[in-house]
Every structure is written in structure tokens, then in C-alpha cells.
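**Q** What follows is the residue order along each chain.
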Amino acid sequence: MTLVIKNGRFIDPANSLDEPKDILVHKGIIKAIESPGSISFDAGEKPSVIDAKGCVVCPGLIDMHVHFREPGFEYKETITSGCQSAAAGGFTSVAVMPNTNPVNDTRAVTEHILALARTEGIINVYPIAAITQKLEGERLSEMADLKNAGAIAFSDDGRPVMNNELMRRAFEYSKMFELPLIQHSEMLDLTEGGCMNEGMVSTELGLKGMPAEAEDIMVYRDIALLEKTGGRLHVAHISSKNSVDLVRQAKSKGLPVTCEVAPHHFTLTDEAVRGYDTNTKMSPPLRAIEDVEAIKEGLRDGTIDIIATDHAPHDITDKQVEYQNACFGIVGLETALPLSLKLVDEKILSMGDVIKKLTSTPADIFNLKAGNLSLGNEADILIFNPSLEYSIDISKFHSKSKNSPFDGWKVKGKVLHTLVKGKTVYSVNEN
Amino acid sequence: MFIHKNLLGTKSLSNDAITTILDTADSFKEISTRPIKKVPALRGKTIINLFFEPSTRTRTSFEIAGKRLSADVINISGPSSSSVKGENLIDTALNLEAMHPDIMVVRHALSGASEMISQHVKCPIINAGDGFHEHPTQALLDLHTIREAKGSLEGLNITIVGDIAHSRVVRSNIYAMKTMGMNVKLIGPPTMIPQGIDKMGVSVGYDFEGVIHDTDVIMMLRLQKERQSRYLLSSIREYSNLYCLTSKVLEKAKDDVLIFHPGPVNRGIEISPDIMRSKRSLILTQVTNGVAVRMALMYLLLGGKNDTSN
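As they're listed, the protein sequences go chains A and B.
Residue 36 in my numbering sits at position 36 of the first sequence; the count goes up by one each step and never skips.
Heads up: take any position in the second sequence, counting from 1, add 431, and you land on my numbering.
So here's chain A without its partners, still in its complex pose:
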């Protein structure tokens, strides 16, 4: 019932803390945060102890963009396996996208997901509901009902809202609920049949390109609509240089626009597609080096608010096919932390900033009671060793799917323990 985490480097961005601390957790609640060695006990009390020497102790990570595939595509992932994958990656809260089958566009589906998460999920699951019914882009979903059932945002992720008036009305309508709309920004008429970034590499490989302008045009359209209507826009998995600039401009005007980036978009370029590994196929696609540099600058100057994985599990039957026929997306939960920590080595972000973009900032944007370790809060805690080197091994993933281009990569930053409400949901010793 009582746990002490001692000797760790305690990083809690929400409280601007980065110093050695011991933490006392009792009945799942953070009861004390003290200088090392100064937490004392009564003689009879025998707390369990985690020695976090050399490790970072921080809030459990939050991923605002995952696909857990349940209901409908349980052969790729379930809420159970998705939560296990998240815990192994250091995440204690995730937001699940609505492109399930049936689509999460009604109260019943939202409640079903939350019920499954309560009984079978080992971490916190927040549903994102559809903007339009069945993701068809024709009629708004019942947003009031969905919010009451527990939806924390709306998105037609993977199926961008193409119709301009409908998107305008969605911004207007959603103002009532003060929830953000998350857009997968892609003008579909510019990307039809495409399967990678358009550029020299797509030309060499003979694959139809998806031009960056397809993303930029929709980002601009949404900002233009929002400026008039109000509401809130969160740009999902930003990947292009010009889109980063557009978000930067919108923010400088004071518009309520936020955005996220996926680790693969600051780690890889379209050069990775050579060899036709279908685990390099995702939407938006891996872009050119100029885009990756612009994303890093956007992370550095705060234009890009958060890191989110777009964890998109696909079974090998959906990936071991011709490149053009392969499904879009890769799993990300179990590689996000080490890939994000590369930004610290590259001096793009401080350790505290990386953790902030994975904890308190997403919590603030989506108004979640998570992402900080203030006294009295639930003890959702991650303990990781930032300097421990290891090789990524997809066969060890807890996700049902293994579709990652990072197999065999040597990385630094290993998750040792993940705690939800003070309870260990992942421990490296048991895996």
C-alpha cells in the first residue's frame, strides 16, 4: 500500500521541478515529495522501495494519438494489448482515435470503449469521438452526447474533413463543448493513390507521391475558418515545413491552434523508403530533410506543442504486401521515449522540455487530470534510465502488431517502471 521511490532525478514540468527527490505514494496517491533520505516511517511500517538512482522519475507519459483498433479490428490490437504496449513505453494515459468499426460516433461506442478500458485496460484511456457520423464527412456527430459519455476531443482522423462548410460548422458547433477538433490535414484530391512523400525519392522509386501541399492547404483552410468562427484546432501529426510555419503564424495572432508531431517525423526522412520496407509507409508520409529540420525548429521554439505517436498497429498480412497496397501507419508507443530523447542529445530540447511535451502540455490542451505529480494527485509515474543503451527488438513489443521501422536501432532511454495509481503496470524486471 505504501511505496517509496528514492534517489531519482524528479522531473515534474507542471511544477517546474527538476531535482533529486524521494516520493512517498500511499494508496495510489502522492503523499510526499522530499529531499533524498528525508522521508521517515513509523517503526512498524514496511513500505516497498524502488531505488531510482541514475533514473528519471516523472509523470507517466500521455499520448494523445493512438489507434487501439477495438472494436472491429482486434486482430491488429485490442484495448488490452494497446494498454500493455503503452505501459511498456512509459505511457499512463492515451487518447484513442475513433476509426474503429463501428466508428466511435455515438454514446454507445464511447461507453463501450470506456467500459472495456475500465475492466481490461491497465492505463487511462480517453476516447476521441468522430467529428462526422461514420467518418463520412457529411453530418456532424452528436457531440453533446459524446462529450457527456466521456469524449475529450473530436476527430475524423485518417479521413480528413474535406467539405469546407461542414468543417466551418464543426468549429462553430464544437464551441458549445469547449473541446478541440483534431484534424488529420490532407487534401485527399492531391494525394489520391499516393503512398509516400512526393519528391526525388518517390520519383526514383516509381511510387506515387503525396505532396506536402496537401497538408499545408488543409492546415491553412482550418486556420482561416477558425479565425472567423472560433473553436479550437489541434493539428494532428504535423509533418511539413510550411504547415509548421502556418501554425507558428496562427499562434502569433493568438489563435487557439495547437499541434503535435510523431517521433518518426522528426527521426526519419523519405530516404528511409528506399528498399520498399512497408513499415516506412504512413500518412502523413516521411518527408524531406528540410521538413524534418523545420519540425525540430518548431519543437525548439514551441510552435509544436506536444509529441504524440499515431500508434497505428497493423498485422503482418496488412503490411507484407506490395508497397502501394500496404496499410498506412506504424506502432509507436514502445519507441516514442527513446526516439524523443534523441532530441536531448541533439540539443533541440532539454530533458524537461521533452517530458513536458509528453505530459503536462497534452494534459493542459485536452484538459486531462493527468501529467503532473502534485501532492494529492494520483500516482501515475514513469521511471526510466535515460542513459541505458539497448537495441529495439520488435519481437519483444507488447503490442499485438510489430510494424515498426526501428527494429534493431540502438537507442538510449529505457523504461524501468510504469505506475498507474501507485500500482506497477509495467516493470522491466518482469519482462
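These are computed hints drawn from the structure, not numbers from a lab.
Computed from a prediction, not measured in an experiment: that's the story for all the values here.
The C-beta atom is built at its ideal place from N, Cα and C for all residues, glycine as well.
Among these hints, one or two may not hold up.
Between beta-carbon pairs, the in silico distance windows are [as the list claims (entries may be wrong)]:
no.: 1; chain 1: B; residue 1: ASN526; chain 2: A; residue 2: GLY54; range: 48 to 58 Å
no.: 2; chain 1: A; residue 1: ALA224; chain 2: B; residue 2: ASP638; range: 33 to 43 Å
no.: 3; chain 1: A; residue 1: GLY54; chain 2: B; residue 2: LYS609; range: 52 to 62 Å
no.: 4; chain 1: B; residue 1: ASN697; chain 2: A; residue 2: LYS347; range: 50 to 60 Å
Place chain B on chain A using the hints.
**A** Using the frame of chain A, we list chain B on its own:
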């Protein structure tokens, strides 16, 4: 020297490797003119033509090439790629490999299919065309035909005209021709010039008649009418007005310019019929040489030395 396991594209071929293939093809060409057109070089070898995309000429050329070397050649039509997922090309390839072929020749409508198969099977793969990616044997037979007509390749100017974006022949030819020291000029409507191709060491333009005065070879590409997305062209008529090789256009070219086309020709769209029959057109020579080049490749991939005396 030829030490490649597969022939997936021309990008990875050195000047030496290409020269070896062309020299070997030279020595094989005569076999096809004998009364008995067969040598025992590949006797007991099995070659599978695995064609996921319909093809008459290329498949026949590979089949004849194998048979003239005494290999057993089997033709298989794989499920066409546009078909359902679940029909896995890797499974198809692994099943065929289990019967111990010595070479698989793969044609597929989607880019990367041959390379993907090569990552899963042990036997040599010859790419007979994958999507818009590469068609290396076509480029090699083009080079063979040019070298035969001109004596050497170094320094020659070639102008390739038409739908650059959707041509695997172009990509293979660019790599191979650059490697052999040729200057490559690409001509076509801007909608058919793919992004970034200028970074492959070629020059790009839109004006056909303006550039052909110094060209040694004109290669006209097939307009893949069935593959055109509706926005690429205003009409076939206008395309033809701008890019059809007619005697009027040809007046501006050198007298000894060579005319190539990878076939099949859309007569009157890419080339006017009278020019197809002119002495300068080597379109049928390309086809003839295709057999010799493919014989050479099969022979070299199976460990043959550049020596046909046995």
C-alpha cells in the same frame, strides 16, 4: 566482371558490369541466326517467368532467351496486383521457390515488387519491369542496340520523349546511360515530368523540336493511355501535336539520328507510321537484341563466364 545475384535495376550496375553484359550479348546474338537456334549453356536449369502483369513481348523474349540456352522455361501468370490483398506475392514466390527454380523473372504492375520478392527468396531475380520503377533489361537492350549502331556509348546525346513520370524504362535508362557516359535529355509535358528528376543528372525540357538538333538518339515513350489520370493531358490530339515524332520534326535532327521506342507503339500518337518504317528506326532491332541481352543476363547470373566457346 559480373558478380550480381539479382538484376533488380540498372542503378547498381557499374560501367564494367554493363560492358560485360553487352559483350556477352554480342557473342550470343549469332545463336539466333543459326539453323538450330540452341546451345546447351543452361541445360538442366529451370527458369520461371512470373508475370503479375500481362505482357506479350517481354515474356516471349525471356522465354525464347531461356530456351535458346536449353533451360526449361515455365510461364506463370500471377494474380494481377490490383486484385485483393490476401493474395500475397511473397507466398506465391515462396511456393515457386520450393520447386527449386534457378532464376525467377518477375513482372509486376507495382513498384518494388521484384525487390520485395528478392528479399524473401534465395534464387536470382530478374526484374522484368515493376510499376514505374525499373525495367533494367529494356535499358540494357537499348544500350546494346545503340552501341551496335554507333560503335560506342560515351558522349552520345539521347533525347527521351513522352510520359516520363509513368515510365520504368526511363528510370532504368537514365541510370545505365549516365553510367556509360551518355548525356540524357528528357522532354515531355510538365504534367508528365516527375518532381525531382532533374536531380538524377539529366536535363529536362518541354520543347521537343527545339532540342533535337544535336541528339544522336531519339527515344519515344509509349503513352500509357490506360494509366493516365484525367488531369495530365488536355487531349491525346494535343499531345500528339506537341510530341509526335513526324518527318517534319525529324528534318531538324541529324541525318544519322537513331529512333527508338520500347513498344508497343501507339501509331500516329508517338510516332508517325512512315517513320516507324524508315531506316533510322531501330524499333525491331531493339526487339531482336532483347533476346540476346536476356540470354546474356541469364547466363551471367548463373555463373557463366564471358565465353561461349562451350
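**Q** So, against the hints stated earlier in the document, which numbers end up violated here?
**A** Failing hints: none at all.
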